Amino acid sequence: MSTLHPSIEHADHVDHGGHGHGHHELSFIQKYVFSTDHKVIGLQFLFTTLIMLMVGGALALGVRWQLARPWEYMPIFGDLTFASDGGQISPEAYTMLFTMHATVMIFLVIIPILAGAFGNFLIPLQIGADDMAFPVLNMLSYWFMWPAIACFACALGLAPNWLNETFLQLGMEKLVVRGGLIAGAANGWTSYPLLSALEQASPSSGAAQTWWLIAVTFVGVSSMMGSVNYMTTIINMRAPGMTLFRMPLTIWSMFITAILQAFALPVLTAAGFMLVADRMLGFCFFIPSGVVVNNAAPTVGGGQPLLWQHLFWFYSHPAVYIMLLPAMGMVSDMLACMCRKPVFGYKPMVYSMAAIAGLGFIVWGHHMFTSGMNPALGMTFMVATIMIALPSAIKVFNWIGTIWGGRVQFNTVMLNCVAFVSLFIVGGLSGIFMAAVPVDIYIHDTYFIVAHFHYVLFGATLFGVFGAIQFWFPKMWGRMMNETVGKIHFVLTFIGFNCTFFPMHLLGIAGMPRRYADPYHFPYLEHLLPLNQFMTGAAILMGFAQFLLLGNFVLSIFFGPKCGRNPWNANGLEWSAPSPPGHGNFDVPPVVYHGPYEYSSPVSGDKDFLMQTEYVPLAQRKVHTGH
Amino acid sequence: MGKLWSLFFVFSAVIAVALCWFAPDWNWWFPGDGKAHSTLGGKIDDLFHLILIIVAVTFIGTQAALGYVLWRGATIKPEEKALFSHGSHSLEVIWTIVPSAVLLFIALYQLDVWAQFRIKGAIRDSHGKMVRPEPVAELTARQFEWRIRYPAKGKPLQPQPQPDDIYSVNELHIPSGRPVEVTLRTDDVQHAIFIPELRIKQDAVASLKIPVWFDALENRDYEMLCAELCGWGHYKMKAKVVARSDADFDAWKEQASAEQFDDGFRKPAEAK
Chain A
0 MSTLHPSIEH ADHVDHGGHG HGHHELSFIQ KYVFSTDHKV IGLQFLFTTL
50 IMLMVGGALA LGVRWQLARP WEYMPIFGDL TFASDGGQIS PEAYTMLFTM
100 HATVMIFLVI IPILAGAFGN FLIPLQIGAD DMAFPVLNML SYWFMWPAIA
150 CFACALGLAP NWLNETFLQL GMEKLVVRGG LIAGAANGWT SYPLLSALEQ
200 ASPSSGAAQT WWLIAVTFVG VSSMMGSVNY MTTIINMRAP GMTLFRMPLT
250 IWSMFITAIL QAFALPVLTA AGFMLVADRM LGFCFFIPSG VVVNNAAPTV
300 GGGQPLLWQH LFWFYSHPAV YIMLLPAMGM VSDMLACMCR KPVFGYKPMV
350 YSMAAIAGLG FIVWGHHMFT SGMNPALGMT FMVATIMIAL PSAIKVFNWI
400 GTIWGGRVQF NTVMLNCVAF VSLFIVGGLS GIFMAAVPVD IYIHDTYFIV
450 AHFHYVLFGA TLFGVFGAIQ FWFPKMWGRM MNETVGKIHF VLTFIGFNCT
500 FFPMHLLGIA GMPRRYADPY HFPYLEHLLP LNQFMTGAAI LMGFAQFLLL
550 GNFVLSIFFG PKCGRNPWNA NGLEWSAPSP PGHGNFDVPP VVYHGPYEYS
600 SPVSGDKDFL MQTEYVPLAQ RKVHTGH
Chain B
0 MGKLWSLFFV FSAVIAVALC WFAPDWNWWF PGDGKAHSTL GGKIDDLFHL
50 ILIIVAVTFI GTQAALGYVL WRGATIKPEE KALFSHGSHS LEVIWTIVPS
100 AVLLFIALYQ LDVWAQFRIK GAIRDSHGKM VRPEPVAELT ARQFEWRIRY
150 PAKGKPLQPQ PQPDDIYSVN ELHIPSGRPV EVTLRTDDVQ HAIFIPELRI
200 KQDAVASLKI PVWFDALENR DYEMLCAELC GWGHYKMKAK VVARSDADFD
250 AWKEQASAEQ FDDGFRKPAE AK
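One line per chain: the protein sequences are A and B, in this order. Residue 0 is where the first sequence starts when you use numbering that gives the first Met the number 0, and the numbers rise one by one after that. Residue 0 is where the second sequence starts when you use numbering that gives the first Met the number 0, and the numbers rise one by one after that.
Looking at chain B on its own, in the form it has when it is part of the complex (with noise of 0.2 Å):
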């Protein structure tokens, strides 16, 4: 019976460890195309499956061993006692400096992603140049909605609304393949914008203007989402982020400035 119940957690174990490694094929996995659409994005998955591989070896190794202990101790002879022993000292000397090391080495292998991220002020774009995120939008968080504010074209975003400024609801406009920075607001209680394909998560606080960093790779729409409990309609913040080139950007401005600032009012010969 013994020997049963150490295969049951082997099994558990190797049924784990097999689910995780056809996620992927079942679409399990990240979503969308699975790649992350955003440099950042990238660094954060490599990261992911570095950790993944460490924790992976580490999962394997102590189940196993958990299994074999567990399979030795039902296998012991009735009229045979149990190992007296108190422990190891160069044992728990081992087992203290290897995962130390380990742990420090993930720890600060990914310093610089996080600084880079949130700190410098400067982003690494896919060409791997430093560059500064350009502000290309305010975006205001409300139960339950977001509002997003756009300078007018050619001009810097102001910390102030201007008068030829442009608006959109749930619809985050941003120029695709270069760093963007967007001020992330709130007009009540806490949101926080997710955008799962870009890898890109920030709350927003009332009180704070919080200024997000991230590129878009492609010429795409992707979805955006609530992450932080905003109340009951936290589910249905439902956004999208359209990312377009530097020509359709400005072109989408012109047109959402024309359609904004149209008063209907048309002159006689050409309302006809």
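The following block holds chain A by itself, in its conformation from the complex (with noise of 0.2 Å):
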């Protein structure tokens, strides 16, 4: 455990648990497949969920092209996906598009980039431990993404036959999906019921809909047993010296997120299974009597579709921060170094964080203003949602104060930490529009919201992620990504990102409702359709752009110069370990004396940066303090 003034002595006597040096060999299975090494586990979320980030976005370039050109040929996609329509987006492959790039994108890049690579990669490493509390359980929590993966492909209509036939075979035709990517899974992220309860509501509501719950619980159960390992690998295996207050505030992130996860995602997951049991078992928990879909028999009912809505939300607003505090973390760590300065207000920060997880549990009402939910309960979600945006407006006072006075080094890690707060703003000052009822029963479920949240988890979550790795590449593979083909895939990224989701506000405000296969069916949405089509070509733009990142990341494994230790002088305790660490990460086992972000401390000497690790006789300090 930590103590303040950890003594130099006290670092070898400290038993860095067993099986950090085994020595055994371990056999390529072991070491790369079902490993049970943090840093591979995170690198084997980062891959999955890079592909997916690709899955979805051509999800994403569906949605986008049907919104140019709607109801025409789609090249290249088209005949490869929806073939037996002309190559043309139907309006039931239109909403599994949105529904599919909405879960690809949260429940499998987003959400498993931030906690699965990055927390994994991380946190051992920025706290001086040389694995996860629970090693196996670390390495369930990555193979349990794989079901999910499996099942969303069934969502999607992607079984393959011998599957199809197993089933039949076995009694249980409720889980084929017939009819391919077209009966994919398509009520949305949300799931709202009836449509998601009631098999006859819809083409996708039949078996897609019961794969697309039971990958969402696999992707919770991973999430789950991510998050208790987090908690327990902070609290228990921090170095000697690195006090909770001494941890990066990466660390605080992930901490913070891991609760987030502890305590919301339960919630989500008895939403599903009842959902599950609605659908399969003959329960009612959100079917109401008598309701007849499609000419079927009445429900026999006596549920409420508003329960959904609540459980729901109840998990999936705390989600969005889960989406996002990570990368606030991340962020401010990287900004720190790339300004070589400490950060500004650090204690502020965390409090900020803690209370953007505190206030994020009271406001999911604001999810269902106009749900029919009681009136009067809008008006405490609302105080409840504009306060949430107190807490993120000091985090961006205290970055602009990290970078203020710096020394700015603006390489790709920098200029997408400051996309990252530039970004953040927009998302956040939009985000008042909504929070206010009154205003958010015009621009609820608009393409208003559809923006504010784009620049929430795009802009801000993902550029922060495009830093990060950038940022701890080297310590990965111990090599440096291209920092041309990274700031060409910034600058891409950046202008194909506003000139696509800024616009959408406009949308928003001009009425044009999400979720629409053909907006352009209504005559005061008509002039809308060029500013569309310059947004599809953003889109398009931004899309291929990742390419260069993918490229970069997957060449610079091989080809990037070579770097030591701490190539961008750096003070965590990841940089004082190999690049890459090796198996149980230090191999001297570190001793923490400071705070994370002491850059250009006058004790430092000429140095400007100063190790956590690195010892400063007290004299020395005191000259330099002028005590």
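The set of hints was computed from the structure by calculation and includes no laboratory data. Keep in mind the model is a prediction, meaning the values are calculated, not measured. By construction, the Cβ of each residue, glycine as well, lies at the ideal position given by its N, Cα and C atoms. It is possible that some hints are incorrect.
What the hints assert, rightly or not - A few chain A residues that don't get close to chain B, going by computed Cβ distances all over 10 Å:
| no. | residue |
| --- | --- |
| 1 | Glu164 |
| 2 | Gly170 |
| 3 | Thr216 |
| 4 | Thr268 |
| 5 | Val299 |
| 6 | Ile361 |
| 7 | Asn397 |
| 8 | Ala435 |
| 9 | Asn481 |
| 10 | Phe521 |
| 11 | Phe558 |
As the list claims (entries may be wrong) - Per the computed footprint, the stretches of chain A lying under chain B, defined by three or more beta-carbons under 8 Å from a beta-carbon of chain B, are:
| no. | region |
| --- | --- |
| 12 | 53 to 59 |
| 13 | 381 to 395 |
| 14 | 407 to 420 |
| 15 | 498 to 510 |
| 16 | 599 to 613 |
Dock chain to chain to rebuild the complex, using the hints, since each chain is given by itself in its own frame.
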């Protein structure tokens, strides 16, 4: 456990656990496939999520294509995926596209790339542990992603024939998706009943919806395993001297995220099971009586569809912060390093994250202002929602304060971090409009909302992740990523992003509803077609720019210039380990003497950084601080 | 190079502001003639513009600050060290208290608009008088159309269908110029009415009857659409609201009733 002033001798006596120094040879499978090493698991998560990022992006381009050229033949993808419709996106396919775009991006990209990839890779390294507290649980957390991905594939109607045959032979025809992609899960990532509860409600509400719910459950199990592990590791396995308030903000954000996961996720899992029970076992948690859908027999009922919305958003609103907080933490780390300056207001940063997490639990109702929930309840949710803007604002001010007076290194990492701050400001401010209930009445379910959450989840989180990939890549592989390609990727993505998503605010104000296969069906939206075509062009540019990232990432693994332990002259513990760190991470057990952000400290002499492991004698400290 | 990057970020913010500034001229703003055509819609727009001003000031301020600190960071001399500062307590206090005051103001300022809209049971009409809205129709959504039931002329709307009720599909007729209440139901999955020019939106939930209060200030047709994903045909639940003066509304009712109950049977003398 950590103390504030560990002695140097203390370091030599620290027992770093049994498994860390296991010198027995591991087979290839143990080492790279079913590995219990947090770094390998982190990289497995990273590879998986980057591939899923491309899948989710391709789905988004399908959506954009339809909005720019409604009902027209879609080149390449149209032939590959919608050949039976002549390469044209049908309304069923369109609803599937945006549903699966959101599903893939949220459940298979954003959450696992933050908590799964970077959480796994960074937590033990940054707190000075040799692995996670529960390495096997950690491995399972990754491998539970694969059943989820397989189930999402089934939800897309991609199950192989032999599997469908097996289900039929077993008498489980309720699990067979008929009709391929076009019958894929298409009820929105929110999957509101009754659309998702009654199989007659739409072509996608049959087996596809069941598979979707099972997949979400698997993702949930994966996240929960990660969350338990992160909490335990951060609480118990910090290096000597690593007190709570010496932890990097990345670790704080992962810690708070893990707590959010642990308390919010069970509600979603329960709700998912309830909905599966409604669908498969004849329960009626969400189904009222006497509902006739598509001339099917009236439902027996007794349930309430609004219950799903409450349960779903009780998880999914905190989940929004799960998708953001780790990026906030990582950006704080990177900004400090790239500005060669301590984080401005470290403790306010920590308290703000805690406040966001706390308030995050009592704002879910703001997704339901128009839902038919008791309107008086809307008032409390509105006040809580507006107040959650406060910690976010404090964080923004502190980031700007961090850059202020810094010696800014304008490299790819820094640019992505500044983009994070700049775009998060837009996403945060647009949130105030929809927090205001009366205004939300108008902009709810319009493109204004779509603009808002893309600014937060893509503009903020993904740019943070792009920066983080570039920043921690040397630690992952012992090589640097290419700066020039990194900058080109940044510029194209930044321009493409803004040109795609900023006009969405205007579409929303013009009243264009989301999830419309053909908005131009309505005369008052016809004039928005050219703007949408421009946005689609920008989206395509941005989509293809991601190949630069992938190419840079993969090629740099093999051909990037080699680097030492600490190429950025950063302070964190991870930079005192070899690059890449071996099994057990640290060759010298780390002992922590400072906070993580002592850049440009007068006591560090000529250097402008002071590693957390570097001991500065008392005399030297006194001389430089003038005491 | 660093200065160029600072300008790059400032430039993107400038474009964003310029785009919003010119958007109303380019017809990328509120739909139709840009005005809200209901009393409440007007309040929503006022609130929107108030928030827009606050947000714009904050946006310009923070982006300018970001540009400034980046520029400063780019111009620092190579031999200089960065400023060694862990923060400032008084700054933290200032930028906690000021935003929270502004946010609290936004939160409290609009409570009354919301209360009128959904809670009080009486809304202010265009003359500022509190009026209890009159129930005029029951709007039932289903995949993928709207069915509307009206009471016969001169009768109140009953919760259960009556023999002399009048029905229409995808055309909601209402009297204009005074608050009306429309009961919202759904036959199957969730839907939501959205009347952009009146700034009205409300979900229809199975098992619930939800009253929606609004007024239409002009005698004209408004577009109405569905705003809650209800299946593949969500985008095609196209309908209109026909707002007419009381006399015209009654005349329509008479005509609709006559058409609906006309069985085509004519006396031979009339038929010829």
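Three residues minimum, CB to CB under 8 Å: does the region 599 to 613 of chain A make the cut for coverage by chain B? Let me know. holds (count 4)
Compute the least Cβ-Cβ separation between Ile361(A) and chain B, then decide whether it is above 10 Å. Holds: least Cβ distance 14 Å, greater than 10 Å.
Any Cβ of chain B at or closer than 10 Å to Glu164(A), or is the non-interface label fine? Nearest chain B Cβ is 28 Å from Glu164(A), so the label holds.
Over 10 Å from every CB of chain B: does Val299(A) meet that, or does the non-interface label fail? holds, 13 Å
Beyond 10 Å from chain B, beta-carbon-wise, is Phe521(A)? Since the minimum Cβ distance to chain B is about 6 Å, Phe521(A) lies within 10 Å and the statement is violated.
Status of Phe558(A), Cβ more than 10 Å from any chain B Cβ: holds, 25 Å
When I compare C-beta atoms, does the region 498 to 510 of chain A have three or more residues closer than 8 Å to chain B? holds (count 8)
Beyond 10 Å from each Cβ of chain B, as asserted for Asn481(A): Consistent with the label, Asn481(A) stays out of reach of chain B, its closest Cβ about 17 Å off (over 10 Å).
8 Å C-beta test of the region 53 to 59 of chain A against chain B, three or more residues: As far as the region 53 to 59 of chain A goes, the hint is violated, because 0 residues have Cβ atoms under 8 Å from chain B.
Is the Cβ of Asn397(A) more than 10 Å away from each Cβ in chain B? violated, 7 Å
Checking the smallest CB distance to chain B, is Ala435(A) really beyond 10 Å? violated, 5 Å
Verify the coverage statement for the region 381 to 395 of chain A against chain B, using a C-beta to C-beta distance below 8 Å and requiring 3 or more qualifying residues. With 9 residues closer than 8 Å to chain B, the region 381 to 395 of chain A meets the three-residue bar; holds.
In summary, the structure is inconsistent with hints 7, 8, 10 and 12 from the numbered list given earlier, while agreeing with the others.
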